[in-house]
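Undergrad: From these two lone chains plus the hints, build me the complex, please.
Residue numbers (our numbering), protein chains in the order written: chain A, 1 to 509; chain B, 1 to 336.
FYI, nobody ran anything at the bench for these hints, they're computed from the structure. Mixed in with the good hints, there may be bad ones.
Unchecked claim - Computed footprint of chain B on chain A, listed as stretches where at least three residues anywhere in the stretch have a Cβ under 8 Å from a Cβ of chain B: (1) 37-51; (2) 72-80; (3) 197-205.
Stated by the list, open to error - Think about it this way: if two alpha-carbon atoms lie no more than 20 Å apart in a straight line, the pair counts; the simulated SDA-like pairs of lysine to any residue are: (4) A:K209 x B:F176; (5) A:K199 x B:F182; (6) A:K365 x A:E389; (7) A:K365 x A:P314; (8) A:K199 x B:M179; (9) A:K395 x B:L160; (10) A:K259 x B:L160; (11) A:K404 x B:R30; (12) A:K365 x B:V296; (13) A:K395 x B:F176; (14) A:K199 x B:D175; (15) A:K395 x B:V25; (16) A:K269 x A:R288; (17) A:K395 x B:D47; (18) A:K457 x A:D327; (19) A:K199 x B:D47; (20) A:K331 x A:D351; (21) A:K365 x B:I293; (22) A:K125 x B:D47; (23) A:K395 x B:R30; (24) A:K395 x B:I50; (25) A:K199 x B:F176; (26) A:K199 x B:V21; (27) A:K199 x B:Q87.
Please read all numbers here as calculations on a predicted model, not as lab measurements. A virtual CB, placed ideally from N, CA and C, is assigned to each residue, including glycine.
So the chains spell out like this:
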Amino acid sequence: MTKLSRRSLLQMTTASIALGGLSIPSSAADIGELVIAYNVNLPSWDPTVGPSAVNPTIQGIYQSVFDMFIAQNTDLSFSPGLITEWGWNDDRTKIHMTVRDGVTWHDGSPFSAEDVVWSLERAGKPETGNPIQFIWGNIGNFSIDGNKITADVINFDPTIFKWMSFLTGYVMPKAYYEKVGAEGFEAAPIGTGPYMVEKFERNAFVRLKANPNYWGGKPDFDTVTIKFVTDAASRVAEVESGNSHVTLEMPYEEYNRLKGGPALAGVAKPISDIGMIFINDIDVMLDRNVRLACCHAIDKQLIIDKLLSGYGVPIDTLQTPEYEAYDPSIKVPYDPELSKKLLADSGYSVDNPVKFTIQTTKGFKPKDYEMIQAIVGLWRKVGIEAEIEVYEIAKHYELRAADKLAPAAFYNWGNAVGDPTTSTGFAMFGPSPHSVWDGQDLIDMIGPLWGEKDEAKRIAGWKAVDKHIAEEGEVIPLLQYVQPILFDKRVVVTPHASGALLPHLMKRA
Amino acid sequence: MALFRTILLRLLTTTITLFGVAVIVFVVIRVVPGNPIAMMLPPGATDADIARLQALYGLDKSIPQQFVIWLTGVMHGDFGTSISLRQPVLDLVLGRLPATLELSIFALVIAVVIGGFMALTGTRLRGTRVEAGIDVANGMALSVPDFLWGLILILLFGVLVPIFHISGRISPSIDFPFMTNFYVFESVARGRFDIWADLLAHMFMPALALAIPLAAIIGQLLKQSLKETMHLDYVTLSRTKGYGENHVIVKEALPNAVLPTLTLIGVQFTFLIGGTVIIERLFSYEGLGNMAIDAVVNRDLPLIQGIVILFALIFTVVNLVVDMTYAALNPRLRHA
Numbered sequence: 001m002t003k004l005s006r007r008s009l010l011q012m013t014t015a016s017i018a019l020g021g022l023s024i025p026s027s028a029a030d031i032g033e034l035v036i037a038y039n040v041n042l043p044s045w046d047p048t049v050g051p052s053a054v055n056p057t058i059q060g061i062y063q064s065v066f067d068m069f070i071a072q073n074t075d076l077s078f079s080p081g082l083i084t085e086w087g088w089n090d091d092r093t094k095i096h097m098t099v100r101d102g103v104t105w106h107d108g109s110p111f112s113a114e115d116v117v118w119s120l121e122r123a124g125k126p127e128t129g130n131p132i133q134f135i136w137g138n139i140g141n142f143s144i145d146g147n148k149i150t151a152d153v154i155n156f157d158p159t160i161f162k163w164m165s166f167l168t169g170y171v172m173p174k175a176y177y178e179k180v181g182a183e184g185f186e187a188a189p190i191g192t193g194p195y196m197v198e199k200f201e202r203n204a205f206v207r208l209k210a211n212p213n214y215w216g217g218k219p220d221f222d223t224v225t226i227k228f229v230t231d232a233a234s235r236v237a238e239v240e241s242g243n244s245h246v247t248l249e250m251p252y253e254e255y256n257r258l259k260g261g262p263a264l265a266g267v268a269k270p271i272s273d274i275g276m277i278f279i280n281d282i283d284v285m286l287d288r289n290v291r292l293a294c295c296h297a298i299d300k301q302l303i304i305d306k307l308l309s310g311y312g313v314p315i316d317t318l319q320t321p322e323y324e325a326y327d328p329s330i331k332v333p334y335d336p337e338l339s340k341k342l343l344a345d346s347g348y349s350v351d352n353p354v355k356f357t358i359q360t361t362k363g364f365k366p367k368d369y370e371m372i373q374a375i376v377g378l379w380r381k382v383g384i385e386a387e388i389e390v391y392e393i394a395k396h397y398e399l400r401a402a403d404k405l406a407p408a409a410f411y412n413w414g415n416a417v418g419d420p421t422t423s424t425g426f427a428m429f430g431p432s433p434h435s436v437w438d439g440q441d442l443i444d445m446i447g448p449l450w451g452e453k454d455e456a457k458r459i460a461g462w463k464a465v466d467k468h469i470a471e472e473g474e475v476i477p478l479l480q481y482v483q484p485i486l487f488d489k490r491v492v493v494t495p496h497a498s499g500a501l502l503p504h505l506m507k508r509a
Numbered sequence: 001m002a003l004f005r006t007i008l009l010r011l012l013t014t015t016i017t018l019f020g021v022a023v024i025v026f027v028v029i030r031v032v033p034g035n036p037i038a039m040m041l042p043p044g045a046t047d048a049d050i051a052r053l054q055a056l057y058g059l060d061k062s063i064p065q066q067f068v069i070w071l072t073g074v075m076h077g078d079f080g081t082s083i084s085l086r087q088p089v090l091d092l093v094l095g096r097l098p099a100t101l102e103l104s105i106f107a108l109v110i111a112v113v114i115g116g117f118m119a120l121t122g123t124r125l126r127g128t129r130v131e132a133g134i135d136v137a138n139g140m141a142l143s144v145p146d147f148l149w150g151l152i153l154i155l156l157f158g159v160l161v162p163i164f165h166i167s168g169r170i171s172p173s174i175d176f177p178f179m180t181n182f183y184v185f186e187s188v189a190r191g192r193f194d195i196w197a198d199l200l201a202h203m204f205m206p207a208l209a210l211a212i213p214l215a216a217i218i219g220q221l222l223k224q225s226l227k228e229t230m231h232l233d234y235v236t237l238s239r240t241k242g243y244g245e246n247h248v249i250v251k252e253a254l255p256n257a258v259l260p261t262l263t264l265i266g267v268q269f270t271f272l273i274g275g276t277v278i279i280e281r282l283f284s285y286e287g288l289g290n291m292a293i294d295a296v297v298n299r300d301l302p303l304i305q306g307i308v309i310l311f312a313l314i315f316t317v318v319n320l321v322v323d324m325t326y327a328a329l330n331p332r333l334r335h336a
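If we strip away everything but chain B, and leave its shape as in the complex, we get (with noise of 0.2 Å):
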C-alpha cells in the first residue's frame, strides 16, 4: 500500500513537473525575439501575406489561446505538427528517440567501464604512482568539455588514424529493413552482427566523447568511496579472514562504496543525455539532440516544445528510476 501511495505521488509530481515545464517552454519561445513566420517571409511579401503565413501556423491566436489548443491536442496525443519538417512532432521526437538513448546508454557504458577500472586500479594501488597518474588523468578528462573531446577523437580516430566514421548512424550503402528505431539493439537480436558492428563504429567515437567526462567523474567519486571504506571494521574484518585485497576490495568494499556513485550516475545520465544536443551535432549523429538545434535555429515551436517535453519526461523518469533502485540496493531505505 505504502509503495502504492509512494508510485502515485511521484506520478502526481511527475506531472505536474511535466505541465510547469510545458507551460514555461511554450510562453518562453514564444516571447524570446525570432519567430518562424519572419524567418520564411519571401522577398516583397505583404502584410497580407504576413497575416496569411500567422494563420496557417495558428500564431495568429493570443499565447493562452495558442496554449489551451496545444495542450488539448497532446491530450489526444496530438503535439502538432512541425513547421520546418511538415511531419507531426509526436512521431519526428519518438523516431529520434531511440537513436539518443542507445548513444547515451552505450556512452554510460564506456564511462562505467572507464571509471569502475580507474577507480578499482586507484584503490588497488592507493598510494603509488599508478593513483596519482589516475588522478592526474581524472582532472584532465574533467577539465576538457566533450565538444572537445569530440573534436579532438575526430581528429585522432578520423583523420590521423581513420578506423572510425566521423558522420552519421549509420552507413549509407547498408541497406536493412529495420522495424524499429532501436537499430543497436534489434541488429543484435535479428544476428546482423555486420550492422550491429557498422552501428557500433558510428557511435564510437560520440560515445566516447559524452564518457570520457562522466568517467572521470565516476572514478573519482568511487575511489574516495571505496578508500573511505576501506578504513570501516567490517573490511579490516574480512582482512583478519585472510581474504586478499582483491576480494576485499570488490566483493567486500564495493558494494557498500558503490551506492553514492549509483546515484550520480543516475543524476548525471541526465546531463549526458542533454550533452547529447552539441556531441549529435558534431557527428552528425541523427538523434533527438541534433534535431534540437535544427529546432531552435528554425524556431519550429511545436518541435521544440515536443523535444524539452520528452526530455523532461526522461529526466523525471530516469530519476524516478535511480531512486527506485536506490532503495532496492540500499536496505535503509528499503525498510523504512
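Next up, chain A with everything else stripped away, as it sits in the complex (with noise of 0.2 Å):
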C-alpha cells in the first residue's frame, strides 16, 4: 500500500480540485443537458398545499411536471388541457367539462376523470390546507360519466375556470397520492406534466428528464436541471461562464450589458406583474385632492427610463394591456401643474406640504427602493413631503392583511390569469384582507360583480370600477414588469406573459 505522505495529500488535493473543476461543461458543446439558472427554491412538490402554493415565482417549475386543469397560453388566454371543453349551464347552476383520452402519469398509469374529480374535491376540503380553497369549495356534487364530469355550483364564482389555470389548479393523482401518502409524494412526486421528476436535491438543484408520451408532443431537451441560483450576481455568473444556457430576473444592466454578447442572447417581455402604490384611506389619503396630487405628480415614464433601462410600461389601472378588463381610455396623466392646484384648494403647497408617511421594499423587486425615492422626489416639487419607511415583504402582508398600512404602501401585485377579480377586484374590495382601501363607494360597485352572470356586463363593470378609481385616486398603479431572461445562442426560450419560465417551451436553436 502507498503511503500517504503531508506533500501527495497536497497533490492530490489540488491536482483533485483542479480535475473536479475541469467537470464544467464547456459552452462550445452541443447541449445533451439544458440547465437553467432558476430564481428561487423549491420547498415543496405538492403545488396546492402551504406557502409555496401561491408563490407565483414556483409556478414555472411545478408547471413543468404538473398539468393544470385548463392549459394557458403564453399571452395568458386558455386553451384544452387536460380538461379539453367546460362551461357553465345556462342558469349557471352546473358545470360541466370534458376530459381528455390517452393522458398518462409519469408512473404509466391512466389518468382518468377520477383523478380530476378527486384533485377539485381535495382542493375544496380545508383541513387539506389549499389556500385557495375558498374558491374550490364553490363547486360540489361531482358526477363522471365516461370522461365527461359535472359538479354543482355551490356559490356562483365567473372565475372558477380561470382558475383551473391558476394558483392551486393543478391535477394530482389520486390512486398514487392515496397510496404513497404526503411525504411519500414529497419524496417521489408524479405529474402529467412535460417532465418527470429524476432527481432533486432540496435547495440545490432538480434534474428533470422529458416525459415521451406527454399529450402535448415531447419536449426538445431530453434533460433539464434546474439550479437553484438566488443571488443574481451568481446567476449571471452562472450564463456568462457557460455553467448554465438560461436564466432570468437579473438587473436590467446585466441583461443590457450581456444580451447582445457572442454567445448570450435575451429576451424581456412585459409579464402580468406590476408595480402599485396601495393607498390607505386614513389620515390625510381621506383628501381626495391629495390622493389625485400623488397621481399626477408620477412621471412613470421617466421612472422606467431612469431607472429601469426603459424595461417596464406605465400603467393607469391595475389592468395591462393583456388582462381582459384592460381599457386605453382611462389615462391618468403625468401633470405636475394639476397637482399643485389640488393642493393649493387643500391648502397645500411646496412651502406647506401635506405630510405622510410611504413604505416600500428594498431589493424585493428591480430598484423599487429607488423608485419610491424617485417618486418621492417629484412629490416634493409639488409640495409632497413622504417619509419613506422600508420594511420587509412579510411585514407588508402581515399589516396589509391587518389593514394597517402606511397612508402609501408600494407592492407588487401578480395577476397570471388576468382578471379584473384578481386585480382590482382583491386589491380593492374593502373586505378583502389584501385591500386597504375601506371606501363605501367600492364595495358598492364591486359587490355585485362577483356574482355577474353576464361576462360582458361583469367585464363592463370591472372597467367601471377602474375608471371611478383612477378618477378618485385611490390607488396608485406605476408600471408593467418586464422580466428579463438570458440564455445561450443555441436556445430559443419562449417567454410566458404570466412569468412562468417553462423549459417545455425551449428548443434548440
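TA: So, in C-alpha cells, the structure goes:
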C-alpha cells in the first residue's frame, strides 16, 4: 500500500480540485442537458398546499411536472389541457367538463376523470390546507360519466374556470397519492406534465427527464437541470461562464451588457406583474385632492427610463394590456401643475407640504426603493413631503392583512389569469384582506360584480370600477414589469406572459 | 472527580444557555412584524380562512402556550414541522448540518494553512519587505468582507477563468447513493475520489471566501505572538545551542506562541459558521445557512427556531472543545 505523505496529500488535493473544476460544461459543446439557473428555491412538491402553492415564482417548476386543469397560452389566453372542454349550464347552477383521453401519469398509470374530481374535491376541503380552498369549495357534488364530469355550483364564481389555470389549479394523481401519502409524494412526485422528476436536491437542483408520452408532444430537451441560484450576481455568472444555459431576473444593466454578446441572447417581455402604490384611506389620504395630486405628480415613463433602463410599461389602472378588463381610454397623465392646483385647493403648497409616510420594500423587486425615492422627489416638487419607511415583504403582508399599512405603500401585484377580480377586485374591495381601501363607494360598485353571470356586463362593470378608481385617485398604478431572460444562443426561449419560465417551451436553435 | 464536576458544570451552563436562546428566539420571532399566515393568504381570503390557517399551524394559541407545546415536543425530539418545507424540522436541520460543517471545516483548514504560512514567513523574514507585504495583504484581507471576496472569486474563477463551480454542492449529473450527508468524508471513505474532487471544486470558492478574513486574523495574531516569543530567554538559549532559525521558530517558539491563536481560532470558528449564512446563499450551497435565509424570508417559525437552537448548540460545543483543548495544551491550566 502506498504511503500517503503530507506532500502527496497536498498534491492530490490540488490536482483533484483542479480536475473537479474541469468537469464544468464547455460552452462550445452541444447542449445535451439544458441547465437553467432559477431565481427561487422549490420548498415543496405539492403545488396545492402550503405557502409555496401561492408563490407565483415557483409555478414555472410546478407546470413542468404537473398539468393544470386548463392550459394557458403564453399570452395568458386559455386552451384545452387535461380538461378539453368546459362551461356552465344556462342558469349557471352546474358546470361541465370533458377530460382528455389517452393521458398517462409519469408512473405509466392511466389518467382519468376520477383524478380530476379527486383533485377538485381535495382542493375544496379546508383540512387539506389548500390556500385557495375558498374558490374550490364553490363547486361540489361531482358526477362522472366516462370522460364527462358535471358538478353543482354551490356559490357562483364567474372565475372558477380561470382559477383552473392559476394558483393550486393542478391535477394530482389520486391513486398514487393515496398509496404513497403526503411524505411519499414529496419524495417522489409524479404528474402528467411535460417533464418527470428524476432527482431533487432541496435548495440545490432538480433534474427533470422529458415525458416521452406527454399529450402535448415530447419536449425538445431530454434532460433539464434546474439549479436554484437565488443570488442575481451568481445567476449572471452562471450563464456568463457557460455553467447554465438560461437564467432570468437579473439587473437590467447586466441584461443589457450580456444580451448582445457572442454567446448569449436575451428576451425581455412584459409579464403579468405590476408595481403599484396602495393608498390607505386614512389621515391625509381621505382628501381626494391629495390623492389625485399624488397620482398626477408621478412621471412613470421617466422612472422606467431612468431606473429600469426602459424595461417597463406605464399603467394607469390595475389592468395591463393583456388583462381582460384593460381599458386604454382610462388615463392618469403626469401633470405636476394639476397636482399643485389640487394641493392648493386643500391648503397645501411647496412651502406648506402635505406630509405622510410611504412604505416600501428594498431589493424585493428591481429598483423598488429607488423608484419610491424618485417618486418622493417628484412629489416634493409639488408640495408633498413623504417620509420613506422600508419594511420587509413579510411585514407588508401582515400590515396589509390587518389594514394597518401607511397612507401609501409600494407593492407588486401578480395576476397571471388576467381577470379583473384577481387584480382590482381583491386589491380594492374593502372586505378583502388584501385591500386597505375601505370606501363604501367601491364596496357598492364591486359587490354585485362577484356574482355577475353576464360576462360582457361583468367586464364592463370592472372597467367602470377602474375608471372610478382613477378619477378618485384610490390607488396609484405605476408600471407593468418586464422580465429579462438571458440564454445561450443555442437555445430558443419562449417567454410566458405569466412570468413562468417553462423548459418545455425551450428548443434547440 | 474535578474533571467530572467541571464537565457537569459546563453541561448545566450549556443547558441554561440553550434554554435562554430558545425563549428569546421563540418570543422575538413571534413579536417582530411579519407572520407566515399573512404571507400565504390568498386573494379574497376571509377572516374564517385566516383563523383556519392559524389553527392549522398552531398559531391561534398564546405565545406561552405555543412555547410549552414546542418545548414539550423538543423534549421528545420533535422540533415541529416546517411550514414552508412541510417536513420535520429536526430532519431538515440535521440533514443540512453536515454540508455546513464540511464547508466550515474546509474553510478553517484553508485559513489555518494560509494564516500559518503568512505568520511563519513574516516571522522568518521579519523586518524585510516580505513582512511589509504580508502586513499589507493582511490588511486588505481583513478590510474586505467575506461576501465581497465571494463575488471577486466568482468573477475570477467562475467567469474569467472558469475552473470552479459557481453554485451548488455537487454536480447534478453525479448519481451516487450517499449513505450520509457528509459527502466529502464519505466519498473519501468509499474511495470515490472523482466525486471528492467534484465536491471540492464546488466548495473551494465559498470556503476560500470564508477563509480569507480568518486567515488574515490568524496570520496577524500568530506573527505577533511569534515575534514576542522570539525575544524570550529560552528561544535565545536554543539559538546559542546552534539551532537554525527555522528550527527555532517552528520547534521552539511556535508551540508557545500558538496558544492564543488556538483560542482565537475556536472563537472565530463560530463566527465562521455564522458567516456561512451569506456565503452559502451567494454560492447556492445547500447548507444550513442557505436554509436559514429561506426560513426567515418565509417566516417559517418552527424552522427558524430549530436552526437557531442548532447554531447555539454548535457555538457552545465549539467553545467547550476549545477550552478543553487549551487546557490540554497549556500545562499551567491542566494542573490548575
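Undergrad: None of the hints should be skipped; say for each whether it holds.
TA: Hint check results:
Figure legend: the region 37-51 of chain A, annotated as covered by chain B; annotation consistent (8 residues with Cβ-Cβ distances under 8 Å, at least 3 required). Under the rule that three or more residues need a Cβ within less than 8 Å of chain B, the assignment of the region 72-80 of chain A is violated, with 0 such residues. Here the region 197-205 of chain A counts 6 residues with a CB under 8 Å from a CB of chain B, which clears the bar of 3, and the coverage holds. Proximity of K209 of chain A to F176 of chain B is assessed by CA-CA distance (about 18 Å); at most 20 Å being required, the pair is judged to hold.
For the proposed pair K199 of chain A and F182 of chain B, the alpha carbon gap of about 19 Å is at most 20 Å, so the pair holds. A C-alpha spacing of about 16 Å is found between K365 of chain A and E389 of chain A, which places the hinted pair at or below 20 Å, so the restraint holds. Of the supplied pair hints, the one linking K365 of chain A and P314 of chain A holds, its CA atoms being roughly 16 Å apart against a limit of 20 Å. Straight-line distance between C-alpha atoms of K199 of chain A and M179 of chain B comes to about 16 Å, which keeps the hinted pair within the 20 Å bound.
Of the pairs offered as hints, the one joining K395 of chain A and L160 of chain B is violated, with about 40 Å between alpha carbons and a cut-off of 20 Å exceeded. This hinted pair checks out: K259 of chain A and L160 of chain B have alpha carbons roughly 18 Å apart, not beyond 20 Å. With a C-alpha separation of about 18 Å, the suggested pair K404 of chain A and R30 of chain B falls inside the 20 Å cut-off, and the hint holds. Of the pairs offered as hints, the one joining K365 of chain A and V296 of chain B holds, with about 18 Å between alpha carbons and a cut-off of 20 Å not exceeded.
With a C-alpha separation of about 42 Å, the suggested pairing of K395 of chain A with F176 of chain B is violated against the 20 Å cut-off. A C-alpha spacing of about 9 Å is found between K199 of chain A and D175 of chain B, which places the hinted pair at or below 20 Å, so the restraint holds. Under the criterion of a C-alpha separation no larger than 20 Å, the hint pairing K395 of chain A with V25 of chain B is consistent with the structure, at around 18 Å. Annotation: proposed proximity of K269 of chain A to R288 of chain A is violated, straight-line Cα distance about 35 Å (limit 20 Å).
For the proposed pair K395 of chain A and D47 of chain B, the alpha carbon gap of about 19 Å is at most 20 Å, so the pair holds. Between the alpha carbons of K457 of chain A and D327 of chain A the distance comes to roughly 14 Å, so the proposed pair stays at or under 20 Å and holds. For the proposed pair K199 of chain A and D47 of chain B, the alpha carbon gap of about 40 Å is over 20 Å, so the pair is violated. For the hint pairing K331 of chain A with D351 of chain A, the CA-to-CA distance comes to about 29 Å; that exceeds 20 Å, so the pair is violated.
Note on K365 of chain A and I293 of chain B: the hinted pairing holds, with a Cα-Cα distance of about 17 Å set against a maximum of 20 Å. Among the hinted pairs, K125 of chain A with D47 of chain B is consistent with the structure: their alpha-carbon atoms are about 17 Å apart, no more than 20 Å. Note on K395 of chain A and R30 of chain B: the hinted pairing holds, with a Cα-Cα distance of about 12 Å set against a maximum of 20 Å. Between the alpha carbons of K395 of chain A and I50 of chain B the distance comes to roughly 16 Å, so the proposed pair stays at or under 20 Å and holds.
For the proposed pair K199 of chain A and F176 of chain B, the alpha carbon gap of about 11 Å is at most 20 Å, so the pair holds. In summary, the hint linking K199 of chain A to V21 of chain B is not supported, as the alpha carbons are separated by about 37 Å, beyond the 20 Å threshold. Distance check on the hinted pair: K199 of chain A and Q87 of chain B sit about 18 Å apart at the alpha-carbon level, within 20 Å; holds.
In summary, the structure is inconsistent with hints 2, 9, 13, 16, 19, 20 and 26 from the numbered list given earlier, while agreeing with the others.
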